[in-house]
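Chain order of the listed sequences is A and B. Reminder that position 323 of the first sequence reads as 483 in our numbering, one-by-one numbering, no gaps. Reminder that position 61 of the second sequence reads as 1040 in our numbering, one-by-one numbering, no gaps.
Derived by calculation from the structure, the hints in this document are not laboratory data. Incorrect hints may have been included.
Not the full set, but computed from the structure, chain B residues with beta-carbon under 10 Å of chain A [stated by the list, open to error]:
id: 1; residue: V1001
id: 2; residue: R1004
id: 3; residue: P1009
id: 4; residue: Y1019
id: 5; residue: S1020
id: 6; residue: S1028
id: 7; residue: T1038
id: 8; residue: K1114
id: 9; residue: G1127
id: 10; residue: Y1130
id: 11; residue: Y1142
id: 12; residue: P1147
id: 13; residue: G1174
In this text, a Cβ means the ideal position worked out from N, Cα and C, and glycines have one as well.
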Amino acid sequence: MQFYNIMTKLIRSQVPQGFQPNNLFVIALFTVLFSFSFIGANAQGDPKSGQGLFKSNCASCHKLNEKLTGPALTGVVERWESGAKHQGIDGKVWLHRWIKNWQDPVAAGNPYALKIQNYDPSVMNQFPQLTDAQIDDILAYVQNPPVSATAAKTTVETKGADAEDSMFPTWILIVTLTVLVAIIFSLNRVGNSLQRMADEKAGETLDEFVPFYKNSKLRIVGGLIVAIVVFFILVSNATALGRQQGYQPEQPIKFSHKLHAGTNKIECQYCHTSADKSKHSNIPSISTCMNCHKVINKGPKYGTSEIAKIYKYADFNLDTKTYGNNPKPVEWIRIHNLPDHVYFNHSQHVSVGGIACQTCHGPIQEMEEVYQYAPLSMGWCINCHRNTEVNFDGNKYYTIYQKYAKAKAEGKMKGVTVENIGGTECQKCHY
Amino acid sequence: MKNKFLINTVIVIGILILIFLVIPRSKRSPGWDWMPDMRYSKAYETYQSADFFYGENDTMTARLPVAGTIPRGYIPNDSNIKCNESLLRSFLLKNEHSGYNQDSAYYLKQAEMIAVLRNPYKSEEVLDRGKEIYKVNCQVCHGEKGEGNGYIVEREDGSDGPYGARPPAYATRLPQMTDGNIFYSITYGKGSMGGYASMVSPSDRWKVICYIKDLAGIKEGAPAPAAASTDSTKVAMVK
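The whole structure should be built from the sequences, with the hints applied where relevant.
This is the structure in structure tokens:
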């Protein structure tokens, strides 16, 4: 292709200089050579370089077979050629002028341009920097897109069977172990009774056999073990009661953090914008969803069904790309809920503390559905406050702790923890 | 006799409590609580719905402010007040801004208008903050270097991401735009891009403009694009 471009340029530059025999020979040679390779190509221009130009200039608003901000471009050359002939100038020339500056054919009164100039939802950008050759390349790409570009589809991830697979061997293991223990126990008993019978036959006198559950020492030890186990279960379950760790409610939209934050690497604060500004980390409004889903209307797992819910909440019409007047809030189910008598501030932890979201919320980027990762208990809070060091030297506010600064300078103190600056005082969180 | 009965009762009740505690609760339910009236606040919490408003869709406790309410730091829609937000808003008010439905005459007026907006910040002072904002809000589409190859547009190996509308590279697009033009596009959206008025504050918007112009290689003090030259008014800009 590159070779062909160079040659056409050569021909273009050669032709106006006059019909010298030498040049004529070159032209004739290349005409013969390339007429074979280009039979069937109905547009001049190079679709391959057109693809790159299309990506960098047009793809933000146009797709080939689908309406985006602008109309679908398949057949655009044919539409202009058939409909836009004006003042004796060919439709394709008008199309070139439209792409460079759409107001030009409108001002010239081209009927087709007048018809499409008020296209919803937006007017077109101007591209004066594109040359005619570049526009030809783009149009060639639009007319003859490479097969791979149209056939490329997003890959579907199929996971989920993994969890069940990994459960299977555990079951086998447990069953096998139980059976083995039972066999050992019964074999042991059989062995014991055989031994006793053999002893009796030999005429040896024996102590009376005492079953193990009547042995008083064993009874005390066993009772203690049972009591400890019961106590442990009782205490751990009683403290877990009301903590809601692992709570994973079913949400109205099957939004996957794994797909958005994990696979697509979207920053947490893109959606939760107020995590560094406010006490609450906000639930994004539906307009934040629409920033991307105006364009993406099909997901890898649920297809169009879940994204269609967003459109319903936003009252968005996918065909016309317009919004209605009846949007509805999405009723997400709250997962993390601190009791009313505890004060927690997101901005303090995110903005001042510089703590990653995952510290408290767990591996969010791997969660298909979000669950409560941390227990959110008081002990959990306090432990973290005791172990976490504040950014003592990087924050000017901490210069008021002169005693710590001195101790640190003398090497008596390695780091200043949150507890040191009052992070475990009752009224810091309970007031 | 009586003593033994008591002991048995205690044991049975203990076992029942044990069973109650050990039964695994469904992960779909928040489960039991020792003191539900302390965990679940009587006062409405953020985003909670309420049942005492009338109307099927009207259950939000986060009510719209009363008409005429002004937020802290509010800048009124008055073109006599020479600051960016005020000029932009008063212009939009005057021209009945209706989102994305712009006719061509309106579009031209908008270009005139945004020629007036000025960036109140000096580039080198705010590049760090601009980069933070860019990384969180812009990079996922526009790419780390502003080449329009963000992670959801194009993967590292060059294959297409899920987002089909590839943004133009800053280096080719930004030299054609005035600062005010960029500010308008971030505020209200452009093409497939949504508006970021609710996500990025006005001052942060100006800071990120400094950063993306730096990415595009546009030096501060470079001549403004031709579209802006229609403006002859000199306006001192504050935030």
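Hints and how they fare:
Given the 10 Å rule on beta carbons, the hint for B:V1001 holds: about 6 Å separates it from the nearest Cβ of chain A. The criterion of a C-beta within 10 Å of any C-beta in chain A is met by B:R1004, whose closest approach is roughly 9 Å, and the hint holds. Satisfaction of the interface hint for B:P1009 is found here, the shortest Cβ-Cβ separation to chain A being roughly 5 Å, below the 10 Å cut-off. For the restraint placing B:Y1019 at the interface with chain A, the shortest Cβ-Cβ distance is roughly 8 Å, inside the 10 Å limit, so the hint holds.
Checking B:S1020 against chain A by beta carbon gives a least distance of about 4 Å; that is within 10 Å, so the hint holds. The closest approach between the C-beta of B:S1028 and any C-beta of chain A is roughly 7 Å, which is under the 10 Å cut-off, so the hint is satisfied. For B:T1038, the interface hint holds, since its Cβ comes within 10 Å of a Cβ in chain A; the closest pair sits about 8 Å apart. Against a cut-off of 10 Å between C-beta atoms, the interface hint on B:K1114 holds, since the closest Cβ of chain A lies about 7 Å away.
For the restraint placing B:G1127 at the interface with chain A, the shortest Cβ-Cβ distance is roughly 7 Å, inside the 10 Å limit, so the hint holds. This hint holds: B:Y1130 has a C-beta 5 Å from the nearest C-beta of chain A, less than the 10 Å allowed. With a least beta-carbon distance of about 6 Å to chain A, the hint placing B:Y1142 at the interface is held under the 10 Å criterion. Nearest Cβ of chain A to the Cβ of B:P1147: about 6 Å, under the 10 Å cut. The hint holds.
Satisfaction of the interface hint for B:G1174 is found here, the shortest Cβ-Cβ separation to chain A being roughly 8 Å, below the 10 Å cut-off.
Going through the hint list in order, the structure satisfies each hint without exception.
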